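Let the hints inform the model, and build the full structure from the sequences given.
For reference, the chains in residue letters:
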Amino acid sequence: MASASAFTFKRPSVIPGFGITLGFALFYLSLIVLIPLSSTFLKSTELGWDGFWQTVTHPRVVASYRVSFGASLAAAAVNLFAGLLVAWVLVRYRFPGKRLIDALVDLPFALPTAVAGISLTALYAGNGWIGQYLEPLGLKVAFTPVGITVALIFIGLPFVVRSVQPVLQELEPELEEAAASLGASRFTTFRRVILPSLMPALLTGFALAFARGLGEYGSVIFIAGNMPMISEITPLLIITKLEQYDYAGATAIAVAMLLISFVLLLLINLLQWWSRKRHTE
Amino acid sequence: MSSKHSLVLTEAPWLRVVLITLALTFVALFLLLPLAAVITEALRNGVEAYWEAIVEPDALAAIRLTLTAAAIAVPLNLVFGVCAAWAIAKHDFRGKNLLVTLIDLPFAVSPVISGLIYVLMFGMQGWLGPWLAEHDIKIVFAVPGIVLATIFVTFPFVARELIPVMQEQGTEEEEAALTLGANGWQTFWRVTLPNIKWGLLYGVILCNARAMGEFGAVSVVSGHIRGQTNTLPLHVEILYNEYNFVAAFATASLLALLALVTLAVKSFVEWRAAQQAAAARNAEPPASVGSLA
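Going line by line, the protein sequences match chains A and B.
Going by this note's numbering, 193 is the number at position 193 of the first sequence; the sequence numbering is gapless.
Remember, this note's numbering sits 1000 above the position in the second sequence when you count from 1.
One or more hints might be untrue.
What the hints assert, rightly or not - In silico SDA-like links for lysine to any residue, alpha-carbon gap of 25 angstroms or less: (1) K1266/B with F1026/B; (2) K98/A with A1264/B; (3) K1197/B with D1104/B; (4) K98/A with A1277/B; (5) K1197/B with Y28/A; (6) K277/A with T1101/B; (7) K1197/B with L104/A; (8) K1197/B with G19/A; (9) K1197/B with V14/A; (10) K98/A with F1268/B; (11) K1266/B with R92/A; (12) K1096/B with L37/A; (13) K1138/B with L242/A; (14) K277/A with R1160/B; (15) K10/A with A1089/B; (16) K1266/B with Q169/A; (17) K1096/B with R1160/B; (18) K98/A with P1013/B; (19) K1266/B with I101/A; (20) K277/A with F1093/B; (21) K1096/B with I32/A; (22) K10/A with T1179/B; (23) K1096/B with L22/A; (24) K98/A with P173/A.
Said to hold, decoys possible - Part of the chain A face toward chain B, derived, beta carbon under 10 angstroms: (25) G17; (26) V105; (27) A250.
Just so you know, these hints were derived from the structure itself, not from any lab.
As the structure is a computational prediction, the values presented were derived from the model and not from experiment.
In this text, a Cβ means the ideal position worked out from N, Cα and C, and glycines have one as well.
This is how it looks when you write it as C-alpha cells:
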C-alpha cells in the first residue's frame, strides 16, 4: 500500500456493494464462527489456571495426545510418500483408467467419515478381507493404534496429492533437460532438481494431512477400539467428558487442541506463502 | 503435456511400470476396497434386507433430517460465500488477509470442537441456556443445533472456492458494465455470475457433500433420539453399535452413493471449467488485436 493511502481503510473503487457484502460477511462470520469459538476460551477460564493445567496434563489425556500425535504423524509420513507417488504417476505417466483414479483420489473428501470408519473396520477386522491375511502374521490392525493410522492414511491422502499435483504439472521441463544434458542421472535429477521444487508443496500437504488427522473423529472411533491409555484419541476424550457433564474439563482439552490447531494453521499459511513465493520466482 | 515429458526425459520403462503398479495398488487398497466393502456388506443378506433397512421409518426420518440440514446450511453458506468473495476479490481493504484466514478457521477445528462450541453457547450450562429454557426454545440436542453445527463445518467451502476464481477474473469487466450504465445487481447477475458459475457449483457440491456427511460435530449436538435428531451418519453409527451390520452398511451405502455422485459432478465441473478457460485463452489474442486497432 502506498503512503498516500496510509490512513484509508479501503482503496476507492467504482464497484458497488462493498459495505453490504463485507458487513454481512463479518456479521455471519462472527455469529457462526468467532463468538461460538471464543466461548471455549471463556469457559475454560472457569477452571482457573491450576484446574486447566491439571485437566490437560492428566495421564489419560497425555496418553491420548500421544496416540493422536503418533498416529497422525505416522499417517502423514506414509501419505508424504504415497501422495507423491500417486501425484507423480497421475501427472507424468499415461495408463488406462487414469482419469478415474484422478477423480477417486478425492473420495476421502467426499465420503462421510462414519462410512469410512465402519468400512475400514470391516476390512481390517480379524475376519475382514485384509485382516484375515494380516492376523496370522501377528499384525492386528483393527482396534489398535495401527488401525487409527490406517484410517488417517485414508483421510489424509488427498491433501498431499492435491498439494503436489499442480506444482508438478507446472514444473518446467527445461530444468530437467538441463540437468540431464549436464550428465545427471535420472535419479540425481529427481533428487537434486525435482524434489527441491516440490518441497514446499509436499510439506504443505504433510502439514494439512497431519492437522486433519489430529482432529479427526468419525473415521477413527470405529476402528480404534478406544481403550483408555492405548487407543483413545483426544477428540474422543472431549466427548467422554461431555457425556459425564464435565463441560469445563471437555472445554479445557478443546482449548489445548485449538491452540495446537492454530499454530499448525499459522505454519501451513507460512508454508503456502513460501510455496507461492518460490513458484513465482 | 505428458507427451512432451515422455519424449524428452522419463524413467526407464520397467521403473515406470513399477511406479504405476505401486500407485494403483495403494489406491486400490486404500480407496477402492473400502468402497467395495460398503456395497458388499450392505448386500450380504440380499436385496430385500437391504431395501428393508432403507425404508424403515427411522432411516427415512434420518434421510429427511439430513436433507433438511443441508437445505438450510448450503444456501446460507452460499450467500455468505458470494458476499465474502465479492468484498474480498473485487475490493482492496485493510485486514483482508486476516479475514481470509478467519474464514478458513472452521477447517482447522476438530469436528468434535465444532459441536462443543454450540453446546457451550446454547446448552443448559451454556451462556444462553437458562434464557432459552425459560422461553422453551431447544437448540442443542434438537434440530437447530444440528443445523448450526452443519453450517459451521461447511462454512468455508463456497467462499474459498470463489475467492481465487473471482480474484483471477479481476474487475475490468465489472467496471466496463458499470460504465455502460448497468446497476450493481445487473453487473453481478449478467457479468460476474456467468464467469464464476463453475467455481460456484464446485463449492456448492463440496459444501453439500460435507453437510450431508458430517458426523463428529453433529454427533455432539444431537440428542441421538431415533427418528427425531438422527441424521444419516448418526443412524449408521447407532445401527453399527447395535451389531445390525447389514442395516448399518445399507444406510452407509446411500452416503457412499452421495460421495460417488459428488465426485462425478465435481469431475464434470472441473472439465467444463477447464474447457471454459481454454476457450477464453483462445479468444483472447484476436480481442486484444481488435482493441489495439
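Against the structure, the hints:
1. At roughly 23 angstroms between alpha-carbon atoms, K1266/B and F1026/B fall within 25 angstroms of each other, so this suggested pair holds.
2. As the CA atoms of K98/A and A1264/B are separated by approximately 14 angstroms, the hinted pair is consistent with the 25 angstroms bound.
3. This hinted pair checks out: K1197/B and D1104/B have alpha carbons roughly 21 angstroms apart, not beyond 25 angstroms.
4. Simply put, K98/A and A1277/B have alpha-carbon atoms about 22 angstroms apart, close enough for the 25 angstroms limit, and the pair holds.
5. Among the hinted pairs, K1197/B with Y28/A is consistent with the structure: their alpha-carbon atoms are about 23 angstroms apart, no more than 25 angstroms.
6. Taken as a hint, the K277/A and T1101/B pair is honoured in the structure, with Cα atoms around 18 angstroms apart against an allowance of 25 angstroms.
7. The hinted pair formed by K1197/B and L104/A meets the criterion: a straight-line CA distance of about 24 angstroms does not exceed 25 angstroms.
8. Simply put, K1197/B and G19/A have alpha-carbon atoms about 23 angstroms apart, close enough for the 25 angstroms limit, and the pair holds.
9. Our distance criterion of 25 angstroms between C-alpha atoms is met by K1197/B and V14/A, whose separation comes to about 23 angstroms.
10. About 15 angstroms separates the Cα atoms of K98/A and F1268/B, which keeps this hinted pair within 25 angstroms; it holds.
11. Of the pairs offered as hints, the one joining K1266/B and R92/A holds, with about 22 angstroms between alpha carbons and a cut-off of 25 angstroms not exceeded.
12. Taking the CA atoms of K1096/B and L37/A, the gap is near 20 angstroms; set against the 25 angstroms cutoff, the hint holds.
13. The straight-line distance between the Cα atoms of K1138/B and L242/A is roughly 18 angstroms, inside the 25 angstroms bound, and the hint therefore holds.
14. For a cut-off of 25 angstroms, the pair hint linking K277/A to R1160/B stands: about 20 angstroms separates their Cα positions.
15. A hinted pair counts as satisfied when its Cα atoms are at most 25 angstroms apart, and K10/A with A1089/B qualifies at roughly 13 angstroms.
16. The straight-line distance between the Cα atoms of K1266/B and Q169/A is roughly 20 angstroms, inside the 25 angstroms bound, and the hint therefore holds.
17. Taking the CA atoms of K1096/B and R1160/B, the gap is near 13 angstroms; set against the 25 angstroms cutoff, the hint holds.
18. At most 25 angstroms may separate the alpha-carbon atoms for a hinted pair to count; K98/A and P1013/B meet this at roughly 18 angstroms.
19. Taking the CA atoms of K1266/B and I101/A, the gap is about 14 angstroms. The hint holds against a cut of 25 angstroms.
20. Pair hint K277/A plus F1093/B holds up; C-alpha atoms about 22 angstroms apart against a cutoff of 25 angstroms.
21. Proposed proximity of K1096/B and I32/A is supported: the alpha carbons are some 19 angstroms apart, at most 25 angstroms.
22. Proximity of K10/A to T1179/B is assessed by CA-CA distance (about 21 angstroms); at most 25 angstroms being required, the pair is judged to hold.
23. A C-alpha spacing of about 10 angstroms is found between K1096/B and L22/A, which places the hinted pair at or below 25 angstroms, so the restraint holds.
24. For the hint pairing K98/A with P173/A, the CA-to-CA distance comes to about 22 angstroms; that is within 25 angstroms, so the pair holds.
25. With a cut of 10 angstroms, the hint placing G17/A at the interface with chain B holds, because the nearest CB-to-CB distance is about 5 angstroms.
26. With its C-beta approaching chain B no nearer than about 7 angstroms, V105/A sits inside the 10 angstroms limit, and its interface hint holds.
27. Taking 10 angstroms as the C-beta contact cut-off toward chain B, the hint placing A250/A at the interface holds, the least distance being around 6 angstroms.
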